[in-house]
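Listed in order, the protein sequences are those of chains A and B. Numbers 1 to 320, taken from full-length UniProt numbering, label the letters of the first sequence in order. Numbers 1 to 387, taken from full-length UniProt numbering, label the letters of the second sequence in order.
Everything labelled a hint here was simulated from the structure, so no lab data went into it. Any given hint could be a false lead.
[Said to hold, decoys possible] With a cut-off of at most 35 Å between alpha-carbon atoms, the simulated DSBU-like pairs for lysine-lysine come out as follows: (1) K306/A x K161/B; (2) K303/A x K162/B; (3) K306/A x K184/A; (4) K190/B x K161/B; (5) K27/A x K162/B; (6) K27/A x K58/A; (7) K184/A x K166/A; (8) K303/A x K161/B; (9) K161/B x K27/A; (10) K306/A x K27/A; (11) K306/A x K162/B; (12) K166/A x K210/A; (13) K58/A x K212/A; (14) K145/A x K210/A; (15) K166/A x K58/A; (16) K58/A x K303/A; (17) K303/A x K27/A; (18) K298/A x K58/A.
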Amino acid sequence: MMLRASLLALCAALPAAADEIWVSNEKDDTISVIDVETLEVVRTIDVGERPRGITFSKDYSVLYVCASDDDSVQVIDPETGRVLHDLPSGEDPEQFVLAPDDRHLYIANEDDAITTVVDTESRTVVAQIDVGIEPEGMAISPDGKVAITTSETTNMAHWIDTESQKLFANTLVDSRPRHAEFVKEGSEMWVSSEIGGTITVFDAATQAEKSKIDFEVQGVHPDRVQPVGFEFTAGDTHAFVALGPSNHVAVVNAETYEVEDYILVGRRVWHMDFNRDRSLLFTTNGVSGDVTVIDVAKREAIKTIKVGRFPWGAAFRPTN
Amino acid sequence: MRCTIAAATAALFLSLPAAAEVTVSVHYLAVERELPPTLSNLDPRPERLGLDGAAVALDDNATTGRFMGQTYTLSETVVPLGDDVVEAARAALAETPLLVVDGPTEALLAIADLPEADGALIFNATEGDVALRGDACRANVLHTIPSTAMRTDALAQFLVKKRWDDLPLIAGAHPQDMAYASALERSLTKFGLSVGDRKDWVFDADMRRNASQEVPLFTQDLGDYDALLVADELGDFGRYILYNTWEARPIAGSEGLSAVTWAPVVEQWGAVQLQNRFEEAAGREMAPEDYGAWAAVRAIGEAVTRTNSADPAVLRDFLLSDGFELAGFKGRPLTFRAWNGQLRQPIPLVHPRALVALAPLEGFLHQRTELDTLGIDEPESTCTAFN
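With the rest of the complex left out, here is chain A (with noise of 0.2 Å):
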């Protein structure tokens, strides 16, 4: 009981020391559960047959994990680490994004250029829609109204009106579009392209291209500086964009689109999350196997961290 006590006490001393970063390892069906205090992981929860996407709800009481091979969608208590029940997602399940409702799930289908939305409450499939061929690169703008799916092999952004589900444009990006987001409030959107070495950036309202980033990394062939995951800093100043097999992280500044900074991680990185002031970037390196720490401020490698194998998503979670 004395120990018990004491324990608690220290907990609640200690509040923000258990906040976690959770990361896919899409080869090891498992998910590392990473403390950004100690920066050791500190838990290893099975899940399905192939991890790739993963997301909490907007309370942080569920985790969805895309299982790809169990073609579904699980929904994990992140205190238990138990998968409660899995969601009907469609086939092969790569990337989701959770709408503002915090309701619904608009899910990338890979093998079947569909993106299916779920209802997360219902459990029920209520739209599956017709996009291009590989669809991985899921977003929604802020206020909900447009989703965006982005298909490898058809080289698009589709534009989706999430009231009635349909397409209502189409743009072209380069070579193998991975991963989109929308910033600044919604008024930009912005696409990566892995093959093409670029990032798109759209004016949401017109859905006409903006900018397109360029990056260049001083050793390294152009073919192999592929642009995927990318997340933005405190207020969208600066986005940190994975660029893949050349093994750095780029800080585009996203004001006026120039590359500042390149950093060094592990091998083929592809997607990353902060920590709760933004302070640390973790970053997903799919072949090493770990994750590298970046110290915002400093745009510094601090730590790596081994977790599964390939590991593929991360995800922020606050434990209090």
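Once you have looked at the hints, place chain B on chain A.
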């Protein structure tokens, strides 16, 4: 045999405002080749080898086309052995200037040199003959299948990396085996190695019964060496060499560790998606010929998407320009060599169970792109049709 297998509909989906309606017809012309019998029947040649790859690419193109107001069709002709290739090609060219050809060198040249083919755009989807990228190159022929030299260069890089430099060769007697053996010799020389003792495969016994007795003796006089090279491009005897050599050594070339255009074991770089799509459509695993045909039809699709044109001259200019890049599931963009129309591409080094390495290997440098360490580079090219 002629049929039309797919057409996309454009009207169902919203297209880009500026896109005009474009219809793109591609004809796939397969010229049957004489195939000598092989010792084993384990690997029958799929009936729609190559064609299935073109069909999957057409679906890929058609999906993009739905959003762009572009419609794609694929028709096909198979010319049986002994039938008139030229006549079939004339009929195909009367239908469309965009041809994908699965045929031997003579057939390709006969087609490319037809007056009707002047201004056409022909893709060599399956023939690795180095001559087609050299003296016998044609301005209207692009190659989506790697040349044999690209494959043997890939293997040579691996041998250099492993520091395996004592390399005897067993070669079959078919012209394809000879060509592969010559390409191997050229590649080894290029990378500072050389072929050691060479033995020709002369047995005509059925190796399924007695390989374990004959191959040890056959390889005994090779003495010590690092790896044994095998030139057996038709898959005749090579499979019986493995584990039967006098000395326990790795096998490379047509058998064992092979440098290939594509293989079912390629799963990185998103390749598993293409493999899945192909297997679902064709009911079998994707072979190199399928990849060559897939890349040809996808290259056409990519060029049409970016230029919004089906004019072969416009497409050719774009394909050979810096603007073109194909996401070919090999980890980097694929582009065409401006000096001979060869599609640059990484070459997987595989065994039947896994990818061993992807060439170009690290450390093999080139001033333009490391991909040009594979195959005929610009300074050594004898092709003049692209000048």
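Review point. Against which earlier hints does the structure fall short, listed by number upward?
Key: none
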